[in-house]
Amino acid sequence: MSRTQGSWTGGTLTAGSFLKPHGVARAVFHPTWIPEALDPTVERLKRVRVIAGAVAALGVYTYVQGGFAVDEMLDNAATASAVLFFLTPLTVGVMLFVWRRTGSVGQLRVPLVNSLKLLLLFVGSVLLTLLLFKLGDAFGVLAKLLLTLAGLWTALFVMAGAVRLTGNFFGTAAVHRCLPPLLATVTTWLMAVPDLLTGNLHGMSLTLGVVFVLGAPVTVTAISLLELRRLRQRYGIRLTAHPATLPPLPPRPPHAPGGPTPGWGSPYATGHPRSPYAPGPRNPYTPGRPHDPRRPHGG
1 MSRTQGSWTG GTLTAGSFLK PHGVARAVFH PTWIPEALDP TVERLKRVRV
51 IAGAVAALGV YTYVQGGFAV DEMLDNAATA SAVLFFLTPL TVGVMLFVWR
101 RTGSVGQLRV PLVNSLKLLL LFVGSVLLTL LLFKLGDAFG VLAKLLLTLA
151 GLWTALFVMA GAVRLTGNFF GTAAVHRCLP PLLATVTTWL MAVPDLLTGN
201 LHGMSLTLGV VFVLGAPVTV TAISLLELRR LRQRYGIRLT AHPATLPPLP
251 PRPPHAPGGP TPGWGSPYAT GHPRSPYAPG PRNPYTPGRP HDPRRPHGG
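First residue of the sequence shown? That's 1 in the numbering used here, and the numbers climb one at a time after it.
Heads up, some of the hints might be wrong.
Unchecked claim - Derived DSBU-like pairs: lysine-lysine, alpha-carbon spacing no greater than 30 Å straight-line:
#1 117 <-> 134
#2 134 <-> 20
#3 20 <-> 117
What the hints contain is simulated information worked out from the structure, not anything from laboratory work.
All chains should be modelled from the sequences, with the hints used to inform the complete structure.
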């Protein structure tokens with residue numbers, strides 16, 4: 001599936017695409033400006049982190065305690081959206097304060113604005129889904145049917161989008177590769193700790209409640225630490241380092257004739273051809289950095 005440079009969705013959406021909400025979610029919540037995975041191992045770690053994060057978002061205890069409750073799932077989604085709306089900018093703001101010691105915050109303006117747009121888009125989609133289901137009870141049969149169908153479409157759209165966003169965490173990898181695992185860890189702990197402090201185990205026994213409440217954040221934290229460790233050891237990407245100071249990636253893997261074109265990975269690499277922030281062979285965060293003569297531009 002080709003993507004058009006400079007377009008949010010890469011020109012992949014058509015009128016027929018809206019028959020498949022998961023396809024629309026894939027295009028909307030994983031736009032073209034999000035950098036590709038560095039290597040298969042990091043990508044696999046992200047997928048496991050997505051599963052663990054879904055445990056926290058959906059609330060497995062609703063299955064254990066009397067079956068799945070749609071209303072409770074929607075309430076959980078609203079709560080999670082509120083947490084993300086305030087927590088994500090706060091965490092990123094803390095990291096910007098750390099990075100400003102070695103680089104300019106203004107250099108990160110474009111990816112930061114794009115990530116904020118993605119966050120607002122997701123929160124708005126969740127609120128719209130809740131509104132459609134609530135309005136269905138206030139109208140007649142026909143209107144309720146139409147609103148319910150629209151609500152089901154947006155619910156599928158939001159759930160598919162949540163899976164995408166749990167992996168890229170609102171495209172913050174375009175700001176810094178270490179932000180998604182950091183944000184995933186902080187978010188899952190913030191959602192779990194209040195239940196432990198208040199003793200709200202949702203009707204489960206102490207042992208079962210602690211397992212289900214702590215299971216997701218502990219798992220997400222372990223996976224995130226592995227991801228951060230691999231980024232540091234293999235690629236020299238450290239959480240506390242300003243993106244402009246990160247080292248370039250190793251040379252591009254050889255392209256087998258007739259095979260798929262391998263991904264470039266990090267947009268921080270000098271001369272990255274897919275960087276939406278660098279029209280030429282320059283680092284997107286350091287406009288004055290010269291082109292690396294060891295890697296010809298574009299290949």
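Hint by hint, here is what the structure shows:
1. 117 <-> 134: holds (26 Å)
2. 134 <-> 20: holds (23 Å)
3. 20 <-> 117: holds (23 Å)
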